[in-house]
Each structure stands twice: as structure tokens, then as C-alpha cells.
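Engineer: Read off the chains here:
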Amino acid sequence: MRKIARAALAAAVVLGASQLAGLSPAAAQQNIKFGALYPFSGGLALLGDESFRGLEIAVEERNAAGGINGKPITLVKGDAVDPNQAVGEARRLTSVDNVSAIFGTYSSSLSLAATQVAELAGVPYFELGAVSDPITERGFKYVFRTNATAKDFSVRMVDSVAEAIAPAQGKQPGELKIGIIYEDSLYGQTMSGYQKARAQEKKLNVVETLPYSAKSVDLTPVILRLKSANVDVVLQTSYQNDTVLFFRQMKDQGFKPKAVIGAGGGYSLRDTMQAVGPENMEGALDVDFTQYRTNPKAAPGIEQFVTKYKAKYGTDPRSGHSLANYMGAKVFFDAIAAAKTLSADAIRAEVMKVDLPVGSTATGWGAKFSEQGQNTRALPFLMQWQNGDLVTVFPAEAAVAKMKVGVGTN
Amino acid sequence: MDIFIQLVINGILLGSMYAIISVGLTLIFGIVRVVNFAHGEFLMVGMYGAYLLAAKFGLHPYVSAIPIVLLLFALGAIVQRFIIQPLLSADEHIQIFATVGLSTALMNLALMVFGADLYSVPPSAVQHSIALGGFTLVIGQVVMFFCALALVAGLHLFMQATPLGRAIRATAQNRNAALLMGVRVDRIYVIAFGLGAACVGLASALVMPLYPVSPTIGTYFVLTAFVVVVLGGMRSMYGAFFGALIIGVVDSLSGYYIAPDLKEVVYFALFILILIFKPTGLFGLGRGTE
Numbered sequence: 000m001r002k003i004a005r006a007a008l009a010a011a012v013v014l015g016a017s018q019l020a021g022l023s024p025a026a027a028q029q030n031i032k033f034g035a036l037y038p039f040s041g042g043l044a045l046l047g048d049e050s051f052r053g054l055e056i057a058v059e060e061r062n063a064a065g066g067i068n069g070k071p072i073t074l075v076k077g078d079a080v081d082p083n084q085a086v087g088e089a090r091r092l093t094s095v096d097n098v099s100a101i102f103g104t105y106s107s108s109l110s111l112a113a114t115q116v117a118e119l120a121g122v123p124y125f126e127l128g129a130v131s132d133p134i135t136e137r138g139f140k141y142v143f144r145t146n147a148t149a150k151d152f153s154v155r156m157v158d159s160v161a162e163a164i165a166p167a168q169g170k171q172p173g174e175l176k177i178g179i180i181y182e183d184s185l186y187g188q189t190m191s192g193y194q195k196a197r198a199q200e201k202k203l204n205v206v207e208t209l210p211y212s213a214k215s216v217d218l219t220p221v222i223l224r225l226k227s228a229n230v231d232v233v234l235q236t237s238y239q240n241d242t243v244l245f246f247r248q249m250k251d252q253g254f255k256p257k258a259v260i261g262a263g264g265g266y267s268l269r270d271t272m273q274a275v276g277p278e279n280m281e282g283a284l285d286v287d288f289t290q291y292r293t294n295p296k297a298a299p300g301i302e303q304f305v306t307k308y309k310a311k312y313g314t315d316p317r318s319g320h321s322l323a324n325y326m327g328a329k330v331f332f333d334a335i336a337a338a339k340t341l342s343a344d345a346i347r348a349e350v351m352k353v354d355l356p357v358g359s360t361a362t363g364w365g366a367k368f369s370e371q372g373q374n375t376r377a378l379p380f381l382m383q384w385q386n387g388d389l390v391t392v393f394p395a396e397a398a399v400a401k402m403k404v405g406v407g408t409n
Numbered sequence: 000m001d002i003f004i005q006l007v008i009n010g011i012l013l014g015s016m017y018a019i020i021s022v023g024l025t026l027i028f029g030i031v032r033v034v035n036f037a038h039g040e041f042l043m044v045g046m047y048g049a050y051l052l053a054a055k056f057g058l059h060p061y062v063s064a065i066p067i068v069l070l071l072f073a074l075g076a077i078v079q080r081f082i083i084q085p086l087l088s089a090d091e092h093i094q095i096f097a098t099v100g101l102s103t104a105l106m107n108l109a110l111m112v113f114g115a116d117l118y119s120v121p122p123s124a125v126q127h128s129i130a131l132g133g134f135t136l137v138i139g140q141v142v143m144f145f146c147a148l149a150l151v152a153g154l155h156l157f158m159q160a161t162p163l164g165r166a167i168r169a170t171a172q173n174r175n176a177a178l179l180m181g182v183r184v185d186r187i188y189v190i191a192f193g194l195g196a197a198c199v200g201l202a203s204a205l206v207m208p209l210y211p212v213s214p215t216i217g218t219y220f221v222l223t224a225f226v227v228v229v230l231g232g233m234r235s236m237y238g239a240f241f242g243a244l245i246i247g248v249v250d251s252l253s254g255y256y257i258a259p260d261l262k263e264v265v266y267f268a269l270f271i272l273i274l275i276f277k278p279t280g281l282f283g284l285g286r287g288t289e
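Residue numbers (numbering that gives the first Met the number 0), protein chains in the order written: chain A, 0 to 409; chain B, 0 to 289.
Treat the hints loosely; a few may be bogus.
Chain A side only, calculated, beta carbon under 7 Å to chain B, not exhaustive [claimed, not checked]: (1) Gly42; (2) Asp183; (3) Pro210; (4) Ala213; (5) Lys214; (6) Val216; (7) Asp217; (8) Val221; (9) Leu223; (10) Val243; (11) Asp251; (12) Asp270; (13) Pro277.
To be clear, the hints were calculated from the coordinates, so they are not data collected in a lab. Owing to the predicted nature of the structure, the values given are computational and were not obtained by experimental measurement. Ideal Cβ placement from N, Cα and C applies to all residues, glycine included.
So that you can see chain B by itself, here it is in the shape it has in the complex:
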């Protein structure tokens, strides 16, 4: 029983990491309606950023979260403005190819600049674990859990209570109607893409103390993030959050009770079943409902 509870704890904490990444992916998908295959590479860029700030200025990744979030916002906005925007009226496939191309380009750029070596930030207290009633929790992961909660709550407030948030929701619901109401849709897209990338920026600063960075690190996380987004209903931020926690727990339990190499089989099987029986995802309420 102890092991079971420990596994669930580990799963929820792991899931909160996926949650931050997936919320960003959901924002981009839900509002701009672009599947961003370069999402993992945004994470990689953010992690190298956090590494450089730690190596050159001795900043703890939690401190560099602020510049990294701003940097990633800018990167996301630039990608939207100069790569996705010109393709908005083109076929969806073309946009997908563009983001896949961007992903490969970024990965190889990192390989050129940093090489294939691993880089990590100096050890800090957040790598340690604390014991709580016989169970262990890694401090960095607990921080991630609360950041994920705060992120979803913050985005919720932003979307509901600010004029810009309303404009974003309007754009997500119906692009043309929003355009007719005087919303500058192309600007909303740039902001939304930037916000999605900024979420990954936050994730990369939080992940950096726990995982070393290498050019392919994004591919480790992003495939799971896609599963989470579909599970959560594609466009629902809250769905992405709970979907991530579910995937985390499934990952943790199946790795222990079935076999560590079969955990992907389990959650991809879950993924396929959801697509068959509830194509709108567990929390999806249909198109344009966020």
C-alpha cells in the first residue's frame, strides 16, 4: 500500500510537469489552431537559456524564470508573426510542416552551438527530497505542482476578467465573428502563440534543476504532452491540467505494476481508446467552448 501511495504521489508530481508544458500547447492549439510540433524545442531553447544564465551570471533557474518566460514569449510571437501568419490561409498540413521544420532546425542549431553533450545547472536545494509521513517528495517537483496550479488559475483569471482575455476567447470561438466585432485577430494570434511559448518557458526554468539539457531533450517530453492535450479535449486548459495528472499517474503505476518499458504502450492505448470512444477528449465539450 505504501508503494502504491508513493507511486501516485510520484505520478501527480510528474503530471504537474507535463501540465505546464501541455497548457502551453493547448493555448496554441485552441486559439491559433496550429499544432505546434516545435513545442519540445521551445522547451529545449528555454532550458539552454536557463543553463546559460546559471553558467554566466550564477542565476538560479527559478530566478531566471522571469527573463526566460519573456524570451520565450518573444520567440513564440516571432514564430507566429513570421512563420505561421504567412501560412494562416494555407492548408493545415503546410502549417504542420512549417512547425516540424522549425523543430528540426532548432534541434540542429542547438547541436551546432552546444554539441551533443549534457549541460546541467549547479546542484541546488530543490533537487533534494523531503520525507512526509514516510513518503518522499522531490522539492523541485512540489514547486512545479504549485506553479502548475497557479498557472492555470492565473490564465483563468486573465481569460475571464480582462478585455484582452475576452478578445482571445472570442477569437478562439469564432475567428470571423471576432474580426467583425473589431478584434484584431492577427495580433491576438501573436499574443496567444507567445503565451503558449511563455508557458514552456516557465516549464523549462522549473525543469532545468531536475534534468540536464541536450539538443533532443524536447522530444522526451513533447510526445506525452500531445497525448495530454488530446486527452484533455484539445482546447481545454483545465482538461490539459487534469489530463496531465492522469497521464502522470498512469505512467507511474503502469511502470511499476506492468513493466517500465510498457508504460508508453499503456498510455498510448488509453489515447487511442479515447480517440475512438470520446473523440472530443475527456473534458472536451465540442468546438469553441473554452
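Only chain A is shown next, with the shape it has when bound in the complex:
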């Protein structure tokens, strides 16, 4: 046993020495290691894995074109099932695997936990999918985010009422009665808070604000409240079950608003549409990450991404998460390549220099980072369910279809 240990030690010393000398040809070819921190198992695994696929495609594409300054990228996976494990895996990636940067994370609670570890270790953390605003509001130096935040979502939802729905109805924005309903956990509360603030700013008429439990099996009280207040436009922040229930019971109770706008989540999923029925979901509006039925002129590269995705995984993308991760990874790979070294400060300096106009990436977003590391040019689009498909309808340059008026079979 001792002999083996000695031999191993000797081998390690020799190997270490050759690496220090930096003379061996292998050293020049050394890979760049990045961590990929996502929930790969547990309840969040489906969309966690979908997010990872976007990063994986971006890496393959980059490696095929010569990697970063001639060095190929390898990804080291970290499985973050819950915030505790996110911390543990971030520690492992930064201290044992010595990755040069971490990409992640899909879920906000996981990102909030893991970014703290990376920041302390001085390792850049590139967030490509989590939406909670505080991730880039804590004054961290090495945390950067390409995707839109909860506030961006809420702003787009409220602004859509004034900019898209009111004109389509031939009304002044102030004439429309708005009802804000949301599931009462942190997610819904945060979103509705931004929505209320934005509506006040825009002088819109919010007549009802109703929280409910996402586990509720009966939303008829909510619907009857909206109905008796004659609400024209409903803004809903919800998960999947409550979205399905809301649409089914809205129909049962004969509530016919002029428009319903959802915030991603349950609204974007095909399962939701199928559970509600295409004819009842018809016309439902949705603000979310860029989906695939978007005008390629406003999102150059979106079609190529779908082609690559299909070739690699043999199915259509399951949601827009992979696209958002792909876009973000590409932006950051370019910044890292421009930095020449892998030092966190050099990378930060290059990220701050990134200046891509809106409509120049595969998601249609631009990229320009604030001091806090937040991309200020990531605006989510307004989409609508039409004939069982989720199509982008606003703004005009990204739209592939005209917005329809009304919801369901009204």
C-alpha cells in the first residue's frame, strides 16, 4: 500500500513539474474548464436540463470554431437540486475542479445561493436563465446575467396593456380596467409588486389585486370578483395547475375579459394549452423568454439553433430556456476570448465593454451590462396562443402574427 502511495506521489510530482515548466505540447493544448451548474435531477430537472442543452450547443459550436483563443472548452457538470446542494456543488467546482467560470442556473433560489460561493472564490458566474432581480442587485463584482429579470417581465406585461391591447381595442389605456391576480408565494408577490408599481407609473386603472394559493382547487371566488368588477384585462402570475384551473373556471363562470396576459411559467407550456384545450387558450397572451415562433429577422440565428438542437437531441426544443442559455453563453464566450487571460478582473473588464444592439442575437435581445452585471437590453416579447401555437405578436419587428382580440371562444 505504502509503495503504491509513494509511486503515485512521485508520478504526481513529475506531472506537476512538467505542467509548471509549461514546455510539454499537452500544456499548450490545455482545455479551458467551465462549470455548468443546473438542477439535473429532482423536480426542476426537466427545464434545468433544457437550459443546459443551450449551453452545450454553444460550447460545441465554439469548439468547432477553434475554442477560446485556440483552447477547447470542457464543461464540468454540477447538479444543484436545492440551494444547499447548489452551494456544495459551487464549492466543488471552484475549489476542486478549479473551473475558470461557472454557467447556470435556471432557478433563482439556486442561483442566489451558488453565486455567493463563486463571488467569494473570485470566479466569474454567468447567469443565463434565473429571473429574480436581487441576483444582480447585491453589488457582486463577478456575477453577470444576460437574461431578462422579473421586473422586465412585469414591465412588459403592463406596457403591453398600453401599447398593444388598448390600441387593438380602440381605447385609451386609462379606460381599460385591469385586474392583477397572482399566486401568493415569493414569485407571484415579487411580480405583482413590480406590476402594480409600473401600472401606477403609467397611470393605468387597476381595479382588483387578488392573491391566491397556487394549491387552490377552486378559483371561482377570484373569477367572480374580477367579473363583478368588470375587469377588461387580467394580468396573471401563475404556475401550471392554477393556470389550467383559471382558464377552465373562467369559462364555466362565463367571465369574458378582453385580454389575459400571463407571465411565462404555466402559460408557455404546451401541456397547459392541451389541458385547457386549444379553443379555450386561444388568444391568451404571454410574456416570456423568446420562443421559437419569432421572426428570424429580429432574432438572427434562431433557425440555425433549432436545426442544431434537432440534430443533436432528435426533438424540437422543449422550451425557450435552451435558446436563452445558448445566447447568453455565446455573449460571454466572446467576452472571455477578448479578455485573453482567464483572470476574473480581465473578464469583467471585457464584459463591461460588450455592446450588442437589440435584435442582434438569437433571442432578439441586445447585450449591454450595468455596473451590477445585469444585461439592460434583454426585453421579453409578448406572445399569444393562436390555433394551439405560441407565436410572437409584439413588438412589431419580432412578430410573426397579428395580435388577436379576445380570449377563448368569446
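Fit chain B to the known structure of chain A by using the hints.
Structural biologist: Below, chain B alone, put in the same frame as chain A:
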């Protein structure tokens, strides 16, 4: 006023759904004296069963109610025979832990087999609503209301008029005395647990057209069912039935007149008040009176 009546109608119809689930829970609690925390997961299993029968054989959930009820009866009987029975003489806490464990196991099993996605059966006529004098009633919920009535009436007849029903009542009243009278108590327990689970089977077939199924669907219903059971006096089937209707109406009215997110506060406050002032429940007549 119109809104008020509509809310009461919605509440009663919602309550009838809770009634079917709660009657099953009451049977298990009242006879076997086990608090079944896996009750919601039985509902989930039944709903996946109804989904599979609809997806593979195109059966309407109302048709698959028969196989689902039998399946759930068997599941309940198996759980009683192989999980609860060995623990019957153990501490009550141990039995509770066993059912909590079963609940978690079933939920994760469903997550493994079906994933976290929602599944629903193809749309059918029972999802539609009918207008009755200016009020709307969802057909599926009306069916549930009459099924709940029929279930309670049927169980009443079964308990009063058959030898097996008498044996079950005897066991519920006094286990040892029943044993001395020659009742095979362990078999009665297996049957009672099966019956309780079969009620949930009926509920799951009736609920399936109205709600999509997911691994955690049971938790949406079961907490309310526990409130109903306590409200109804723990061991009284009729209490569970009326308790469910009351909770349904309270749920509906408080959601509208107070706030949708505070309706749980209202009925849990009611729950605590009942425990303080009438610990035997609204319809409870004390131990062993069913």
C-alpha cells in the same frame, strides 16, 4: 344577491367533492383508527389510473370509475394488511409515520414514472356548465354532488342492513368486545381500509375530468379533507358529508368577500375554534357512536 347565491352553489358543489374524499378518510379513521396521511396520494394513484385508462383504451373516467374503485379497494386492503397490520399494536405515532412514509414514497414513485408534467383526459361534456335560472353549474360537479349523496346513502344501508356492516360497526365501537363475539377484527380492518380507499377511487374518477393530474395533486385536496373530518366529528360519515359542504361554502364565500388568499386562514381558524369549543366535532357524539 345573485353573486351570493352563485357563491353558495359553487361552495356546495365544491364541498361535495371534499365529501367523497372525506367520507373515505373518516371510514379509515373511524374503524381502523389510523390517520391515513397517504389519503391524498391514493387520490393521485386513482387519477393516474383514470388517465391511463383514458389514454390507452379511450375510456371516459366515469366508465373507468368501476375498475378504479376496485383497484383502490385492493390498494387499500394491501396497505392495511402489509403495512398497518404489523404496526397495529405499536404506538399510534408509528402508524402515522408509516402512512406519511407511504405518502412520500407514492409521490416520488409517480414523479419517477410520470415526471412532473400535467396529464389530463380528453375534454368531454362534463366539463361544460349549464345555466339554471341565471346561475351556472358545472355538470361534472353536479354529478359529484349526487354521487356523494348516493355514496353516503349506500354506505348507510350497508352499515345498517348487512351482517358485514354490523360487524364493522361492532369493531368500530369496541375492538375487544367484537373480537370476543367472534368477529374477525383483522379482516374487518382490511375491508374497512379498502372501503375508505375505494371512496377515494370514486373521487379520483369523478375529479379527473375537471382537474389535470400531477404527482402532488393529492396535497391540494387532502389538507382540506382533514379539516372536514375533524369538523364532522372524526368518526361520523354524515358529519364528514355535511362538514364538507360547510367547508365548501366557507371556502367560496370567504374567497370572495374577504380575500382569495385568506380563505385558508378562515377555515383553519374555524377548525381551531371547533377543536377548542367542541373537540368532538360538530356532529361528533363521543367515542364509538357511529
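Engineer: Which numbered conditions among the earlier hints are violated in the structure presented, ordered from lowest to highest?
Structural biologist: The structure breaks hints 4 and 13; every other hint is satisfied.
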